[in-house]
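S.K.: Sequences listed follow chains A and B, in order. Numbering of the first sequence is given in our numbering, commencing with residue 161 and proceeding in unit increments. Numbering of the second sequence is given in our numbering, commencing with residue 144 and proceeding in unit increments.
If you are wondering where the hints come from, they were derived from the structure by calculation, not from laboratory data. Note that the Cβ used here is the ideal one computed from N, Cα and C, for glycine as well. Incorrect hints may have been included.
[Stated by the list, open to error] Some, not all, of what chain B presents toward chain A, calculated at C-beta under 10 Å:
{"hint": "1", "residue": "G197"}
{"hint": "2", "residue": "D198"}
{"hint": "3", "residue": "L200"}
{"hint": "4", "residue": "F253"}
{"hint": "5", "residue": "D293"}
{"hint": "6", "residue": "A314"}
{"hint": "7", "residue": "G315"}
{"hint": "8", "residue": "V319"}
{"hint": "9", "residue": "A321"}
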Amino acid sequence: MKARITVTLKTGVLDPQGKAIEAALKSLGIAGIEGVRQGKVFDLEVAAADSASAQETLKAACEKLLANTVVENYAIEIA
Amino acid sequence: MHAAIVVFPGSNREADVARALRLSGAKVSMVWHADTALPAGTDLAVLPGGFSYGDYLRCGAIAGRAAAMDAVRAHAARGGLVLGICNGFQILCESGLLPGVLMRNVDRRFICHRQTLRVERTDTRFARAYSAGQVIDVCVAHGEGNYFADPDTVARIEGEGRVAFRYCDEAGQTTVAANRNGSLNSIAGIYSEKANVLGMMPHPENFVEGLIGGTDGRGLFESLAA
Numbered sequence: 161m162k163a164r165i166t167v168t169l170k171t172g173v174l175d176p177q178g179k180a181i182e183a184a185l186k187s188l189g190i191a192g193i194e195g196v197r198q199g200k201v202f203d204l205e206v207a208a209a210d211s212a213s214a215q216e217t218l219k220a221a222c223e224k225l226l227a228n229t230v231v232e233n234y235a236i237e238i239a
Numbered sequence: 144m145h146a147a148i149v150v151f152p153g154s155n156r157e158a159d160v161a162r163a164l165r166l167s168g169a170k171v172s173m174v175w176h177a178d179t180a181l182p183a184g185t186d187l188a189v190l191p192g193g194f195s196y197g198d199y200l201r202c203g204a205i206a207g208r209a210a211a212m213d214a215v216r217a218h219a220a221r222g223g224l225v226l227g228i229c230n231g232f233q234i235l236c237e238s239g240l241l242p243g244v245l246m247r248n249v250d251r252r253f254i255c256h257r258q259t260l261r262v263e264r265t266d267t268r269f270a271r272a273y274s275a276g277q278v279i280d281v282c283v284a285h286g287e288g289n290y291f292a293d294p295d296t297v298a299r300i301e302g303e304g305r306v307a308f309r310y311c312d313e314a315g316q317t318t319v320a321a322n323r324n325g326s327l328n329s330i331a332g333i334y335s336e337k338a339n340v341l342g343m344m345p346h347p348e349n350f351v352e353g354l355i356g357g358t359d360g361r362g363l364f365e366s367l368a369a
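If we strip away everything but chain B, and leave its shape as in the complex, we get:
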């Protein structure tokens, strides 16, 4: 597994996701946003968390149009894997690789806390190390994570089984209280049509070592590296 992490001005989680990928055995390179190509042999393009371009205009709006994103789009069109975490998810929506948009959290607060998620699918390259319906304990840290799309788009995503993760309580129930940013249908992450692109607001890369407080994020990186 060769992963290329695209770094934008204002990205700040590239080192964490690189560490998580390496722990699972992946080879990692960094790609600058102005680069027009991904390294030869790239299996997975990663858009890390952070505040690309200071969240100017809209979160992910300027990064979504960066030169490197043309290369990421071409990679995705060839069936290559793409993972966007937090700001990376916002960038994927802004770039048109995933439908919908991440709006300001419903209570207007930046939220930063432990969060349980329900794994909705395990037949993908991103989640095959998890078990169906498994509740994983990771964390979230964002001000704009409120997933929104028009009703037709949401119906299509749901109908095609493209929800990757939902915010839930410890028992796996998608309650209003567990959906603190106000996302439609408690959506925490979605796949592209062919499930080769995943965007998610929570940070699995934060929980890959027991010393840091949890290892439930590891399944995602192990799924990819396997």
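Next comes chain A alone, as it looks inside the complex:
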């Protein structure tokens, strides 16, 4: 089954890249953007009997590698 993991910076963690992107958008004349936070998206193919076991596998993937939980949150979506 297909899954998508989204990793984002926790609230309060400084995101210099997001700030740079925000400034670049402003310089392109795109008005009205009040904040940018950059994150990562992982699309995964999971071999699992059901979505509960896929969820378990994906949680382990996030905790052990895909997210650094000191500064990042993750969200798992199973298609």
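Chain B: place on chain A using the hints.
M.R.: The following block gives chain B in isolation, referenced to the frame of chain A:
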């Protein structure tokens, strides 16, 4: 002193740190990241600078889970010495051997310059050749050296006196201008609880010979080899 330098795909400072260690009298071997053990008799495991795995995912994230890191973790748990420099510091944080994380520099630039550091402790195996509060002149070269941890962790590190070095000006003052990557509390390097693991962003191995421009990095390697 027998030092084992762990080389990952993308490490590039292993030869420099080997040279610095040998100059101080250490015996040096290289260990490949896929090896599952350190050489018998290893006193010190070293994680050198560079760009392991091209900094993919996060700096040090993939290297932090390499097979050799299990051996390094076991070595540290036995009280063995571990030194991580630059990317090595990032790997130590990612592997859980040190708390916190190295974030993108606050001004988003890769910084590469001479840097003065204040030696915060001299009662460790890494810094006993320095004097308390000594200001040393080394250098930094990194894009992700901005030390960050949650407030409780930072309070614990500070309370336990685990800061090894801080970015400072020539007079030893920890000014905002001297802390160019934006690290919390100007932290340039930290120790583990038992001070047998040291991670630091600056490169002491760059300054071990006068011909190259300085010798202030030598104290660290002499501390280890003594």
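S.K.: Per the CB criterion, is B:L200 less than 10 Å away from chain A?
M.R.: 7 Å, holds
S.K.: Was the hint right that B:V319 lines chain A, CB cutoff 10 Å?
M.R.: 15 Å, violated
S.K.: Is the interface hint satisfied for B:F253? The criterion is a beta-carbon contact with chain A at less than 10 Å.
M.R.: With a minimum Cβ separation of about 12 Å from chain A (threshold 10 Å), the hint on B:F253 is violated.
S.K.: Per the CB criterion, is B:D198 less than 10 Å away from chain A?
M.R.: 13 Å, violated
S.K.: Under 10 Å is the threshold here; is the Cβ of B:A321 close enough to any Cβ of chain A for the hint to stand?
M.R.: Since the shortest Cβ distance to chain A is 19 Å, the answer is violated.
S.K.: For the hint on B:G197, does the least C-beta distance to chain A fall short of 10 Å?
M.R.: 15 Å, violated
S.K.: Under 10 Å is the threshold here; is the Cβ of B:D293 close enough to any Cβ of chain A for the hint to stand?
M.R.: 7 Å, holds
S.K.: Quick check on B:G315 please, does its C-beta sit within 10 Å of some C-beta on chain A?
M.R.: 26 Å, violated
S.K.: Take the shortest C-beta to C-beta distance between B:A314 and chain A; is it under 10 Å?
M.R.: 28 Å, violated
Of the numbered hints given earlier, the model fails hints 1, 2, 4, 6, 7, 8, 9; all others are met.
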